[in-house]
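Asks: This is what each chain is made of:
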Amino acid sequence: MGRDPQPDAEFMMRDTTSHPPAYTPQYKTSVLRSPRLALISLQHSLSEVTAPVFRAEELGPKDNDLILNYAKDGLPVGERIVVHGYVHDQLGRPVRNALVEVWQCNASGRYRHKKDQYIGALDPNFGGCGRMLTDENGYYAYRTIKPGPYPWRNRVNDWRPAHIHYAISGDGWVQRLITQMYFEGDPLIRSCPILGVAPSEEQIRGLIALQDISAFVQLDSRAYRFDIVLRGHRATLFENRVQGGSDTTAAKGGAQ
Amino acid sequence: MSGTEQHRHGLEGPYAAPGGSSLVVRRETASQTAGPYVHIGLAPQQAGFDIFENDFGNVLVSPETRGERIRIEGRVFDGIGTVLKDVLIEIWQANGEGRYAHPADRQAGKSLDPHFRGWGRACTDFESGLYFFDTIKPGAVEGRNGRTMAPHINAWIVARGINIGLNTRIYFSDEAAANAKDPVINLIEWESRRKTLVAERTDRKSEGGAAVYRFDIRLQGEDETVFFDV
Numbered sequence: 001m002g003r004d005p006q007p008d009a010e011f012m013m014r015d016t017t018s019h020p021p022a023y024t025p026q027y028k029t030s031v032l033r034s035p036r037l038a039l040i041s042l043q044h045s046l047s048e049v050t051a052p053v054f055r056a057e058e059l060g061p062k063d064n065d066l067i068l069n070y071a072k073d074g075l076p077v078g079e080r081i082v083v084h085g086y087v088h089d090q091l092g093r094p095v096r097n098a099l100v101e102v103w104q105c106n107a108s109g110r111y112r113h114k115k116d117q118y119i120g121a122l123d124p125n126f127g128g129c130g131r132m133l134t135d136e137n138g139y140y141a142y143r144t145i146k147p148g149p150y151p152w153r154n155r156v157n158d159w160r161p162a163h164i165h166y167a168i169s170g171d172g173w174v175q176r177l178i179t180q181m182y183f184e185g186d187p188l189i190r191s192c193p194i195l196g197v198a199p200s201e202e203q204i205r206g207l208i209a210l211q212d213i214s215a216f217v218q219l220d221s222r223a224y225r226f227d228i229v230l231r232g233h234r235a236t237l238f239e240n241r242v243q244g245g246s247d248t249t250a251a252k253g254g255a256q
Numbered sequence: 001m002s003g004t005e006q007h008r009h010g011l012e013g014p015y016a017a018p019g020g021s022s023l024v025v026r027r028e029t030a031s032q033t034a035g036p037y038v039h040i041g042l043a044p045q046q047a048g049f050d051i052f053e054n055d056f057g058n059v060l061v062s063p064e065t066r067g068e069r070i071r072i073e074g075r076v077f078d079g080i081g082t083v084l085k086d087v088l089i090e091i092w093q094a095n096g097e098g099r100y101a102h103p104a105d106r107q108a109g110k111s112l113d114p115h116f117r118g119w120g121r122a123c124t125d126f127e128s129g130l131y132f133f134d135t136i137k138p139g140a141v142e143g144r145n146g147r148t149m150a151p152h153i154n155a156w157i158v159a160r161g162i163n164i165g166l167n168t169r170i171y172f173s174d175e176a177a178a179n180a181k182d183p184v185i186n187l188i189e190w191e192s193r194r195k196t197l198v199a200e201r202t203d204r205k206s207e208g209g210a211a212v213y214r215f216d217i218r219l220q221g222e223d224e225t226v227f228f229d230v
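Protein chains in written order, with the numbering used here: chain G, 1 to 256; chain C, 1 to 230.
A few of these clues could be false.
[Stated by the list, open to error] Pairs of lysine to any residue residues, derived as SDA-like cross-links and limited to a Cα-Cα distance of at most 25 angstroms, are as follows: (1) G/K115 x C/E73; (2) C/K195 x C/R218; (3) G/K62 x C/E53; (4) C/K85 x C/A180; (5) G/K28 x C/K85; (6) G/K115 x C/I80; (7) G/K115 x C/N58; (8) C/K181 x C/R201; (9) C/K85 x C/K205; (10) C/K181 x G/Q243; (11) C/K181 x C/R214; (12) G/K114 x C/V83; (13) G/K28 x C/G221; (14) C/K195 x G/K115; (15) C/K181 x G/Q43; (16) G/K115 x C/R201; (17) C/K181 x G/R241; (18) C/K110 x C/R160; (19) C/K195 x G/A22; (20) G/K72 x G/A22; (21) G/K115 x C/A17; (22) G/K114 x C/K195; (23) G/K28 x G/R241; (24) G/K28 x C/E127; (25) C/K195 x G/K62; (26) G/K72 x C/E53; (27) G/K72 x G/A121; (28) G/K62 x C/N54; (29) G/K28 x C/K181; (30) G/K146 x C/I51.
None of these hints come from the bench; they were simulated from the model.
Kindly produce the complete structure, drawing on both the sequences and the hints.
Replies: In structure tokens form, the structure reads like this:
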């Protein structure tokens, strides 16, 4: 796209058809945790267009290497993989210096978490979390063990497909996104009630990482590619910006 | 590649421009729940292990930070009043002068505080359900069209069962006059709901001597917290 966004530019209105609704009875836990009243829509102020800025020195050198960042007396068990991709905004611009945090279970489907009681074994050499900042091109990469599938209490035979959780913090508070990445070809994808709440096939496809042979580490690791799209800035032509100026637009402000 | 599905705007069929619209806006990646084990990635010590040298946490202040020390604490309730113990909350706020530590904030006459970023995350306790943040009270920030916003903290709530993060704001009970003029509070046409955004200043002090504000969040049902579509 041509023009660079102004640093204080507002973001485009969120397209709610890109996301699951709050209330999704097939994912039972959502029933009592979903607001029943309409959200109040806000035009953006500085509170929405700003966000925390992270510095590389806040992260450790192994923070994006889940194979080594918890290794105690050996290497973790499982399939070695690299996951990489780009964080862009809706207009295709790279989101630079975005904080990408990931977490997952181990190859047995067990989380290193005091509340996880699954019979799958813990791996003494695997923690299951990592984090990194995107570079100038919005690119990120990390190395890990492919997570296993596991059963969970929703219906009695529901299984989660293998997945990695993501939390992404971009330029603006309203870009904050939490999601999950799945793996191409996993037969459990079709029946997962959590992935099933995504609003369309197109949006489900957007959560599935593709095997990326071009990025395989020869004689070492396979690779998966997963790109992420965050909210885009919008043009604010002939409008007051989020700071400065007086109210000169005669907008119809009332609810209809 | 995944995540790059292009969503074309504009007219389709006989009314479309010759050659189709050149306006291409991608769809935002779909949100998914944080799940029950969100602590592993975002607060590993609460999951039960140590891995990073530098954990992001719920203390936003250092001894050098300028401003009035406050603690915000509370609990999160579901639609039948159950205290939820697996919730993660992040906050983002301006400094004591009302300036955000971000390049887009160019408000005149307000300085940055090198000892305050204004961002933190907290988890509700597995036993008590309480969360808390140790921070400073933010100053007022200029809002749209020059209208001042009352001091407030932005909050984002995720958990198992929440499909897309919930955005709300924390205002302060001892700022009643500023709150009454706040352009965002006044957008809420149901006046009875506005109080759900106001943290109540208590008589208690934290162990560090900070004034304690109480801010409970109700995801659903009676006195449901106002959440924003931002």
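Asks: Hint compliance check: list the failing hint numbers for this structure, sorted ascending.
Replies: Checked against the structure, the hints that fail are numbers 4, 14, 16, 18, 20, 21, 22, 23, 25 and 29, while the rest are satisfied.
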